[in-house]
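The residues making up each chain are set out below.
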Amino acid sequence: MRAGWMITGLVAAAWALAPGQASAFTAYVSNEKGNTVSVIDLDKMEVTATVEVGERPRGITMSKDGKHVYICTSDADHIEVMDSTTLKVLNTLPSGPDPELFVLSPDGKTLFVANEDNNMVTVLDVEGGDVAGEIAVGTEPEGMGVSPDGKWLVNTSETTSMAHFIDTATLEVVDNVLVDTRPRFAAFTPDGSKVWVSSEVGGTVAVIDAASRKILQKIEFEVQGIRKETLQPVGISLTPDAKTAFIALGPANRVAVVDMESYAVKDYLLVGQRVWQLALTPDGKTLLSANGESNDVSVIDVASLKVVKSIPVGELPWGIAIK
Amino acid sequence: MRLGMTVFAVMLVAAAGTAYAAKGTRFWNLTHAEIDSLQLAPAGSTDFGENLCLQDDDKSVEADERLQVTGVASGTYDAKIHDVTGRSCSAKNVKVEEGKVFSISEKELIDCKQ
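Residue numbers (my numbering), protein chains in the order written: chain C, 1 to 323; chain P, 1 to 114.
Hint data in this document are derived by calculation from the structure and do not stem from the laboratory.
Think of the CB as a built atom: it goes at the ideal place given N, C-alpha and C, for glycine as much as any other residue.
Misleading hints may appear alongside valid ones.
[What the hints assert, rightly or not] Facing chain P, a subset of chain C residues (Cβ under 8 Å, in silico): (1) T230; (2) P251; (3) E293.
[What the hints assert, rightly or not] Cβ-Cβ distance ranges computed for the label pairs, FRET-style: (4) G71(P) / P240(C): 50 to 60 Å; (5) K109(C) / G86(P): 42 to 52 Å; (6) G71(P) / K44(C): 46 to 56 Å.
Chain P extracted, bound-state conformation:
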């Protein structure tokens, strides 16, 4: 009986984990504006990758929206963003974990230029 319950619990946890991973790695825009460019570089470097917003159907991520992204490995990154108001900003030490949500909020933005 106890073994059965244990197996059932393990199956439940595994199923939940699978469902969660199925949502993939997602960027959550917690700035105040719609972002049309997001590039990540390993923290401390300037080796910025592709514009992740191009993975969206309309090539931008509205405020409070999420974008499922591919090609981003777990790690800590510096970010460059550009929004539709014409503002460009940076953010430091953005932590990404594959299969989970990472976010950049308004108060994390630095070096903003209009």
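With the rest of the complex left out, here is chain C:
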């Protein structure tokens, strides 16, 4: 046991001291209960600023040019736009009630917003700030994934337990795939051929063929000493080389490491408490997890699969965007 901790310590020290490790990446963490965004310098591995934003910030993502941070402020019922350098909230964009999670189109022009309270996805023209359309989906929409070519959108609805496939040209739902209970997150693989959907209460991740919309695989999780019902998949992050999937397991305080070819679970990484959303740095070398109950962010070295640092942030961290 002690040897294990020593190895982890050595990996962390080596990771921190490695020449050329400087990344110049900045992470923005939405703190759901603190109503703030924590800004983390990933070279210093510390919080450099805390910004007050609207009530209940949850979904968070970067603009394609990295200049802006978009934030779903759920209780404020709108999207806030923050300058990623000055950290000033510049303006707000409309959404439906209780926007929870969104995804930006590959061209950076459109935000697709899941509004938890009105069972709608809002289609938002980012530049003009106008609502370009609304799409009726299932009850309590949440997970949002867009295909790499921007042609397909997948929304998951928590209560309906479905993944809705939406044609972004017509803004119509063309197919619905029943998944396990309470789907929380959807992510397309880098080649767009599959969609991974996590089901929090069902305890599984479904891998769906994007063309046929058939479920190819259901991934289950098992950690010795942890009750099955505690293994609640939420956030998903897929490496750009399409080799490894990371799955946040909520109150199990673990991130599962899954081989994307065999679907085998290779490892479980112990992180902070109630791990929710995940984010990879653009170079794919570092994974961050937002840990809601322990109020921290775990930093994971992807190559060694070691947790190298825990960074305290605000109250109830939920999502992460990285510049």
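Using the hints, position chain P against chain C.
Frame of chain C, contents of chain P only:
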């Protein structure tokens, strides 16, 4: 001009306040399990009120979900909860403010019995 801006700002703040209050008092379940009973008593007393979960359509509040509740005045309460796994717990000094969200998290639970 300045007066106009001031009036406009006051109207904006008032509108925001109205919209916020319209969401009502909400219980936010931050425990790890779906709760089917939540009762509140003024802090330090055992005068527990009705099961607030009965105000929900399906009579329970899932983990991370919120329930709009009525009939709860601002104050500090002790709570008794029961969840669908059969667990009963207490929580002390839960602060409720009318029109806002109050929560009970897993780490606030004490005296749990299965």
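Do the hints match the structure? See the list:
1. Because the closest C-beta pair between T230(C) and chain P is about 7 Å apart, less than 8 Å, the hint holds.
2. A cut of 8 Å between beta carbons decides the hint on P251(C): the least distance to chain P is about 4 Å, and the hint holds.
3. Nearest Cβ of chain P to the Cβ of E293(C): about 6 Å, under the 8 Å cut. The hint holds.
4. G71(P) and P240(C) have their C-beta atoms about 52 Å apart, which keeps the hinted 50 to 60 Å range intact.
5. Taking 42 to 52 Å as the suggested C-beta distance range, the pair K109(C) and G86(P) conforms, at roughly 51 Å.
6. Against the hinted window of 46 to 56 Å, the Cβ-Cβ separation of G71(P) and K44(C) comes to about 50 Å, which satisfies the hint.
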